[in-house]
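Number of protein chains: 2
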Amino acid sequence: MERIPILRMGEFLLVTIQVDMHDRLATVLQDDLANRISATRARGVLIDISALDMVDSFIARMFGDIAQMARSRRPSPALVGMQPSVAITLAEMGVSLTGVRTALNVEKGMALLRAKMEEERADDHAPAE
Amino acid sequence: MERIPILRMGEFLLVTIQVDMHDRLATVLQDDLANRISATRARGVLIDISALDMVDSFIARMFGDIAQMARSRRPSPALVGMQPSVAITLAEMGVSLTGVRTALNVEKGMALLRAKMEEERADDHAPAE
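Those protein sequence lines, which keep their order, are chains A and B. The working numbering numbers the first residue of the first sequence as -7 and each following residue consecutively. The working numbering numbers the first residue of the second sequence as -7 and each following residue consecutively.
Only chain A is shown next, with the shape it has when bound in the complex:
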């Protein structure tokens, strides 16, 4: 098994990380994700990391890329199910998750992204000052 499946759920893509990420798998996932995002025009990407209990440099790099996705605004990423040990290690490694939504579980993450999209739609329709 050489790929992490990317599931489509309406306007969201869902990825569940549950295997140890080695270099090649992380690269394949990022390529696959980029392709699926452009093919589906997804508006949000949910990454479930509840099965992760440790972080190494590959995971940290992936999180850095997710944060970059957040800054470019589309699609909005959310990290769900982050364990305290993972959050602590990321902070210790100096990985910034500025702009990335985090939630306890997939349902809450989806609700967060939906709320964010509603907000953006309202902004788009607001009259210019």
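Keep in mind the hints are simulated off the structure, nothing from the lab. In this text the structure is predicted, and so the values were computed from the model without any measurement. Please note: incorrect hints may appear among the correct ones.
Identical copies go unnamed one by one, so any copy, or any two together, can satisfy a pair.
What the hints assert, rightly or not - Calculated cross-link-like contacts (lysine to aspartate or glutamate; reagent style DMTMM-like; alpha-carbon spacing at most 25 Å):
id, residue 1, residue 2
1, K108, D57
2, K100, E3
3, K100, D57
4, K100, E111
5, K108, E3
6, K100, D115
7, K100, E(-6)
8, K100, D45
Knowing the structure of chain A, use the given hints to seat chain B on it.
Frame of chain A; chain B shown alone:
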């Protein structure tokens, strides 16, 4: 990583199989799933197997248990993303999936289960003959 995460999506539970199933992991998944089903009163369970390209006896046994779940009716299981090689191997191994819904992807599987539930609700409300 010792557990396969079970994600809750409304009235459904979603499991993505993406690691090689060994005996202990399959047992842990089944126990976890049973606990989550009773805790959440889920009405459907979606099992995404798009990452599986081969089947061994542990996987086959798991599929047998899923079929048994289908016969007991609640919660309704659906297997999504089955690759042709997997379907062929299961048939060769004599594993019967009678009653198990199958779909190309999670979205279609969810739609199938929703349709099935609507049907059952209609049956429940139909006058006795």
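Requested in this report: Could you place K100 and E3 in one of the four classes (within, between, both, neither) given a Cα distance threshold of 25 Å?
Outcome: both (15 Å within a copy, 14 Å between copies)
Report task. Measure nothing new, just compare the shortest in-copy and cross-copy C-alpha distances for K100 and E111 to 25 Å and report within, between, both or neither. Result -> Within. Shortest intra-copy distance 17 Å satisfies the 25 Å Cα cut-off; inter-copy 29 Å does not.
Query - Intra- versus inter-copy proximity for D115 and K100 (alpha-carbon distance at most 25 Å) - result: Within one copy, since 23 Å is at most 25 Å while 33 Å is not.
Query raised in the report: With identical chains treated as interchangeable, where does the CA-CA distance between K100 and D45 reach 25 Å or less: within a copy, between copies, both, or neither?
Result: within (20 Å within a copy, 32 Å between copies)
Requested in this report: Have a look at K100 and D57 and pick one of within, between, both or neither, based on CA distance no larger than 25 Å.
Outcome: within (22 Å within a copy, 30 Å between copies)
Query - Same-copy or cross-copy closeness of K108 to D57 [CA-CA at most 25 Å] - result: within (20 Å within a copy, 40 Å between copies)
Requested in this report: Give the relationship of K100 and E(-6) under a CA distance limit of 25 Å: within one copy only, between copies only, both, or neither.
Outcome: between (29 Å within a copy, 24 Å between copies)
**Report entry** Within, between, both or neither, where K108 and E3 count as close if Cα-Cα is 25 Å or less
**Finding:** both (13 Å within a copy, 23 Å between copies)
Violation of the numbered hints given earlier is absent; every hint is satisfied by the structure.
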